[in-house]
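Below are the chains, spelled out letter by letter.
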Amino acid sequence: MGTEAANGGKIEEKLFQNRYQVDSGRPHVKIREHDKPSETLMKLTNICPAGCYTVDDKGRVEVVPDGCMECGTCRILTAESGELEWNYPRGGYGVLFKFG
Amino acid sequence: MKEERFDAIVVGAGPSGNAAAYTMAKSGLKVLQLERGEYPGSKNVQGAILYSDALEKIIPDFREDAPLERHVVEQRIWMMDDTSHTGMHYRSEDFNEEKPNRYTIIRAQFDKWFSRRVREAGAIVLCETTVTELIRDTKGRVIGVRTDREGGVLLADVVVLGEGVNGLVGQRAGLREELKPKNVALAVKEMHFLPQETIEQRFGLKGDEGVVIEAMGTITKGMTGTGFLYTNRESISVGIGCLVEDFANSGVTPYGLLDTFKHHPSIRPLLAGAEVKEYAAHLIPEGGFRAMPEIFGEGWVTVGDAAHLVNAVHREGSNLAMTSGRIAGETIVYLKRRREPCTAEYLKEYRKRLEDSFVLKDMRKYKDIPDLLHGSRQLLDLYPRMMSKAAQVWFRVDGKDKRAKEKEIIGSLRRQRGIAGLVGDVVRVARAWR
Numbered sequence: 001m002g003t004e005a006a007n008g009g010k011i012e013e014k015l016f017q018n019r020y021q022v023d024s025g026r027p028h029v030k031i032r033e034h035d036k037p038s039e040t041l042m043k044l045t046n047i048c049p050a051g052c053y054t055v056d057d058k059g060r061v062e063v064v065p066d067g068c069m070e071c072g073t074c075r076i077l078t079a080e081s082g083e084l085e086w087n088y089p090r091g092g093y094g095v096l097f098k099f100g
Numbered sequence: 101m102k103e104e105r106f107d108a109i110v111v112g113a114g115p116s117g118n119a120a121a122y123t124m125a126k127s128g129l130k131v132l133q134l135e136r137g138e139y140p141g142s143k144n145v146q147g148a149i150l151y152s153d154a155l156e157k158i159i160p161d162f163r164e165d166a167p168l169e170r171h172v173v174e175q176r177i178w179m180m181d182d183t184s185h186t187g188m189h190y191r192s193e194d195f196n197e198e199k200p201n202r203y204t205i206i207r208a209q210f211d212k213w214f215s216r217r218v219r220e221a222g223a224i225v226l227c228e229t230t231v232t233e234l235i236r237d238t239k240g241r242v243i244g245v246r247t248d249r250e251g252g253v254l255l256a257d258v259v260v261l262g263e264g265v266n267g268l269v270g271q272r273a274g275l276r277e278e279l280k281p282k283n284v285a286l287a288v289k290e291m292h293f294l295p296q297e298t299i300e301q302r303f304g305l306k307g308d309e310g311v312v313i314e315a316m317g318t319i320t321k322g323m324t325g326t327g328f329l330y331t332n333r334e335s336i337s338v339g340i341g342c343l344v345e346d347f348a349n350s351g352v353t354p355y356g357l358l359d360t361f362k363h364h365p366s367i368r369p370l371l372a373g374a375e376v377k378e379y380a381a382h383l384i385p386e387g388g389f390r391a392m393p394e395i396f397g398e399g400w401v402t403v404g405d406a407a408h409l410v411n412a413v414h415r416e417g418s419n420l421a422m423t424s425g426r427i428a429g430e431t432i433v434y435l436k437r438r439r440e441p442c443t444a445e446y447l448k449e450y451r452k453r454l455e456d457s458f459v460l461k462d463m464r465k466y467k468d469i470p471d472l473l474h475g476s477r478q479l480l481d482l483y484p485r486m487m488s489k490a491a492q493v494w495f496r497v498d499g500k501d502k503r504a505k506e507k508e509i510i511g512s513l514r515r516q517r518g519i520a521g522l523v524g525d526v527v528r529v530a531r532a533w534r
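From first to last, the protein sequence lines stand for chains E and U. Oh and the first sequence: position 29 is 29 in our numbering, straight run, nothing missing. Oh and the second sequence: position 215 is 315 in our numbering, straight run, nothing missing.
FYI, nobody ran anything at the bench for these hints, they're computed from the structure. Quick reminder that beta carbons are idealized off the backbone N, C-alpha and C, glycines included. Mixed in with the good hints there might be a few duds.
To be verified - Derived contacts from chain U toward chain E, CB cut-off under 7 Å, selection only: (1) Arg136; (2) Ala380; (3) Val523.
Said to hold, decoys possible - Heads up, simulated DSS-like pairs for lysine-lysine below, C-alpha to C-alpha not over 25 Å straight-line: (4) U:Lys448 x U:Lys436; (5) U:Lys130 x U:Lys212; (6) U:Lys489 x U:Lys465; (7) E:Lys98 x U:Lys377; (8) U:Lys500 x U:Lys461; (9) U:Lys280 x U:Lys126; (10) E:Lys10 x U:Lys448; (11) U:Lys239 x U:Lys461; (12) U:Lys306 x U:Lys321; (13) U:Lys448 x U:Lys465; (14) U:Lys282 x U:Lys467; (15) E:Lys10 x U:Lys377; (16) U:Lys489 x U:Lys126; (17) E:Lys98 x U:Lys239; (18) U:Lys452 x E:Lys30.
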């Protein structure tokens, strides 16, 4: 199995097994507006274990935190630059691990 | 509840928070515990191994009704290259004892059980409640918390922060610095379900016996990290974790790394035919003693992962979490009984007691290991590869004489690392280990 395949579109399949209570219309992670993404933002497209970060058609990084497992990796990486606004979901919302 | 005042508020219902809440409630303190998940455990992730000793000191009869999976009779440590593993296995009938030493557990189930015991001990446990900030008095002393519930101000003499590794409350209140990418690992894992008999056949187990595998080598693609595989009753937990800094620099995706690990010829047959029912990710504080924040202050103490209490060398964390929670709880009970205030001056007793326990003794012992692993990538990459190569030369019968084989092995060590490098590695490891 090549790295390409391993890095490819399998993440949706993995997240499909998980249980979430999505807080519709209230994303708990937001990206500061930008025209050109920083190196750090680009890194999030690979490192996020839920694949929440993608590059849109204008070359900007966007986040859809519906599949977020609330690990905090992106928060720590951007703590210095302040490019993310990161909060835990409201009580009861977000990922609900069945096994953990 | 707005005007109600508690002896203690515990933030988080993982092993450390539960240990603290249970200890204080059992001694008659008025305890409120806040958990942001729908149920305790719903936000928590671990391999997971339960260390009996730490829990026995809190709930001696836990074996009667705690949801335990298998007791560990065999530990395998594997050094892997792309096609092989060189293993150290330790299996002993002595681990089939009346009170086993280690168990595999499933955290969502275990944490629910622990939380039930906390409630039975008399604590009030409020789920689906996210703590948003600490409340301080005019002198800066912590006197309570604010939550995302309506009118969510709650007051207490002391706040116990068991909020986990990604602990926003204490960090935003300035009680501890932001975590550094080189001091935390990102781990991902999956739950693979198989019939009980299949697991027992594959691993040579009977009854509730279990096997744990810790793996290192080329599986982490040059990054500092380890993989693991734990047998549960009718599932296998398989996962891999590496430092966040290394992931960020390499561009390797965590799920890609996990998939490659799962497809390794030594791992694949162990998982064959399984149904995957969950994929989880979590951070692990791996910075060791030097990355620890202050763990007590005016009206607050920090326990467990939030206090960076993980022994990365021995892959221990939940026992440090439970023990720090218990000791924090005992300290607060002790102060209450003596009618002393929960100020930093008195709460430093928690730190003192933790220093006297295995928790800070072990943290101190391995304080230089994180830096060692950082500066010596060959320890986790080159050596497993060299060991595999050497084993292959040694075991393959191919008409080459044994002295020539010895020469080949030693020559390969010399070429790839050099005598000075080899000696230097031995000295560095010995020094950090001491």
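Query raised in the report: Hints broken by the structure, by number, lowest first?
Result: 3, 6, 8, 9, 10, 11, 12, 16, 17, 18
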